[in-house]
Every structure is written in C-alpha cells, then in structure tokens.
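Residue numbers (our numbering): 1 to 327.
Treat the hints with caution; some may be incorrect.
25 Å max Cα-Cα, derived SDA-like pairs, lysine to any residue [what the hints assert, rightly or not]: (1) Lys-263 - Ala-327; (2) Lys-158 - Pro-98; (3) Lys-314 - Ala-265; (4) Lys-314 - Phe-69; (5) Lys-248 - Pro-318; (6) Lys-263 - Val-16; (7) Lys-314 - Ser-70; (8) Lys-263 - Ile-282; (9) Lys-248 - Gly-125; (10) Lys-132 - Phe-107; (11) Lys-248 - Ala-265; (12) Lys-248 - His-267.
What the hints contain is simulated information worked out from the structure, not anything from laboratory work.
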Amino acid sequence: MSVKKKHALWVVTPVVDLSCITLGWLLFFFAPYLFPQYFDTIRIVSVTFLFATHRYFTFLLVYLDRAEFSRARVLYTLIPILCFVFVGLCYFFRIDEPEMFAFWYLFNYFHFVRQKYGILRIYSGKARWGHKRLDAWTMYLWGLAGFFYLFGSEADVKVMHYLRNLLDFTPPLLISHILYGLAILITLAWLVYEFRGAQGISVPKLLFFGSVVFLYGIGPTLSAGAIYIATSINHASEYIALVALTIKNKVRTSALDAPLLNKAASHIVRNTFLFTAVICGILYGLYAYSLFAFLFFAYGTSFAHFVLDGLIWKLRRPKVAREVGTA
Numbered sequence: 001m002s003v004k005k006k007h008a009l010w011v012v013t014p015v016v017d018l019s020c021i022t023l024g025w026l027l028f029f030f031a032p033y034l035f036p037q038y039f040d041t042i043r044i045v046s047v048t049f050l051f052a053t054h055r056y057f058t059f060l061l062v063y064l065d066r067a068e069f070s071r072a073r074v075l076y077t078l079i080p081i082l083c084f085v086f087v088g089l090c091y092f093f094r095i096d097e098p099e100m101f102a103f104w105y106l107f108n109y110f111h112f113v114r115q116k117y118g119i120l121r122i123y124s125g126k127a128r129w130g131h132k133r134l135d136a137w138t139m140y141l142w143g144l145a146g147f148f149y150l151f152g153s154e155a156d157v158k159v160m161h162y163l164r165n166l167l168d169f170t171p172p173l174l175i176s177h178i179l180y181g182l183a184i185l186i187t188l189a190w191l192v193y194e195f196r197g198a199q200g201i202s203v204p205k206l207l208f209f210g211s212v213v214f215l216y217g218i219g220p221t222l223s224a225g226a227i228y229i230a231t232s233i234n235h236a237s238e239y240i241a242l243v244a245l246t247i248k249n250k251v252r253t254s255a256l257d258a259p260l261l262n263k264a265a266s267h268i269v270r271n272t273f274l275f276t277a278v279i280c281g282i283l284y285g286l287y288a289y290s291l292f293a294f295l296f297f298a299y300g301t302s303f304a305h306f307v308l309d310g311l312i313w314k315l316r317r318p319k320v321a322r323e324v325g326t327a
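Please put together the full structure from these sequences, using the hints given.
Here it is in structure tokens:
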C-alpha cells in the first residue's frame with residue numbers, strides 16, 4: 001500500500017486523528033480519574049467552557065455558506081428562534097435546574113454516540129470498505145450499554161442523580177449487562193467483516209473503534225465522573241477537527257459559496273484557536289454576569305446545534321461527502 005493510500009485512510013491526518021479523535025480524550029479521562037481532588041476544576045474548564053465552544057462552529061457552516069443556507073433558508077432562520085422560545089417556555093413553566101440540565105444531557109449523550117457512528121462511517125468511506133448496519137449497531141450498542149451502566153449503577157455523578165430523580169426510575173444493571181453482551185457479539189461480527197476486506201484492515205479505523213469500546217465499555221466501570229468529562233471533551237475535539245477539515249475542503253470544492261470561511265481556511269489552526277478563545281471569553285462573560293443568562297444562551301444554542309447538525313452532516317449528500325473526503 002502506498003504512503004498516499006495510508007494517509008488517505010485517516011479522516012484528517014495521523015496527528016489530528018490521534019490527538020483530536022482517537023486518543024487525545026484519554027488525558028481528560030485519566031486526569032480526573034487519577035487526581036479526583038481536582039475534578040471540579042477540570043470539569044469547569046473542560047466541560048463548561050472548552051466543550052461548550054464546539055457547538056458554535058455549526059453556525060459558521062450554516063450561516064456563512066451561502067449554498068447551504070439557501071438550501072433551507074426558512075428552516076435555518078426559524079430553528080434558533082424556536083429553540084430559544086422552547087428554552088424560554090421551559091423556564092416559564094418552571095422546568096428549572098436540575099431538570100433542564102438532565103434533559104439537556106440526555107440529548108447530548110446520544111448526540112455524542114451518533115457522532116461516533118458518523119465518524120466510523122467516514123473511516124469506512126476512506127477505506128472503501130464497511131457495513132453500514134454493523135457500523136451503526138456497534139456504535140449504538142456500546143453507547144447504550146455505557147449509558148445504562150451509568151444510569152443503573154447509582155453512579156456518583158450529579159447528572160445521573162438528576163436523571164434518576166427526573167424520571168423517578170433506576171434501571172436494573174441487568175439491562176446494561178445484556179447490552180454489553182450484545183455489543184460484544186456484534187463487535188465480533190464487525191471484526192470478521194472488517195478483516196474480510198480486500199485491502200486489509202484499516203488501522204486508523206480499528207484504532208478509532210477500539211477507543212469507542214474503551215470509552216463506553218470500560219470507562220464507565222472505572223469512573224462515572226471522568227467519563228462525563230472525557231465524552232464531552234472528546235465530542236468537542238472530534239467536531240472541531242471535522243469542521244476544520246470541511247472548511248479546508250470548501251476551498252477546493254465550493255470556494256465561491258463561503259468567502260469568509262475560505263479566508264479562514266488559509267490559517268485554519270490559528271483561526272480555530274482564535275474562534276475558540278473568543279467563544280470562551282463570551283461564555284465566561286455571561287457566566288460572570290448572570291448564571292441564568294449563561295444557561296439560557298447555552299441551552300438555546302445547544303438545542304439549535306443538535307437540530308442543525310442533523311441537517312448538515314449527511315454523508316449521502318455529495319457536497320458533504322466531498323468536504324469530509326469520502327467522495
């Protein structure tokens with residue numbers, strides 16, 4: 001296999017994939033796991049601010065890309081308005097903390113797992129080999145198994161305590177054990193299929209898959225708090241890497257549609273850090289000014305991010321496939 005072919009198997013590059021997608025999150029897992037006395041500090045820095053910045057990259061892809069925005073102009077205009085109205089109504093009808101946080105986290109968790117599936121499909125596209133249903137079942141089963149383990153094990157992490165109170169229900173651990181068993185069986189089928197590929201196994205894809213198994217299969221059994229931080233920061237770093245790749249590829253595929261993004265692409269790493277820093281500053285300013293203003297803004301933009309993501313990241317669309325490098 002040529003060097004070019006090996007490089008093409010990575011979503012971005014080996015360095016970016018390993019640091020932002022596959023292995024970098026381990027630092028944010030083992031830091032709070034090994035040094036629990038610093039858990040709150042790590043959580044505030046990584047989840048409240050660094051993780052929160054990623055969702056605002058979505059708005060760049062929608063509102064600074066003329067072709068994308070014109071594809072669903074009315075819908076893209078209404079979505080953020082309706083999301084803020086929804087959050088406002090929740091507060092008006094006294095759906096307050098911690099219920100809002102628990103409800104928001106439910107959306108987040110399965111949003112995380114869905115992104116894992118999307119990235120696995122990108123690796124399959126890069127390798128020109130992969131079974132869509134097996135990719136889906138493995139990602140969703142590991143994600144569900146990890147969730148029900150955390151939910152049913154009386155894990156000492158606030159969000160799970162809030163969820164149990166919100167739903168007035170604690171599922172038996174047997175559910176997670178059954179899901180883990182099914183995940184292992186489907187994983188074996190996935191591995192058999194992958195090793196049957198004519199070009200051999202894709203190492204980047206296998207590494208990514210292994211990281212998902214550790215994240216949702218082993219991590220929850222070690223530390224619920226650490227996995228809460230790790231899943232959050234991993235999702236954000238994956239997303240930012242994919243957005244940076246997309247912006248870079250827009251220059252080659254649709255330069256006239258997004259002139260501002262094309263300018264940013266010339267110094268993508270620097271501009272990514274600058275944008276992240278600006279958003280962190282805005283969030284910190286809101287947090288310092290008013291906790292309610294911070295939460296209202298964070299929840300409203302989060303729900304808009306969830307909806308917009310589902311509309312723009314569809315690999316079956318040729319434009320999206322070109323921009324992530326699978327076409």
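Requested in this report: Identify every previously stated hint that the structure contradicts and give their numbers, smallest first.
Outcome: As far as the earlier hints go, not one is violated by this structure.
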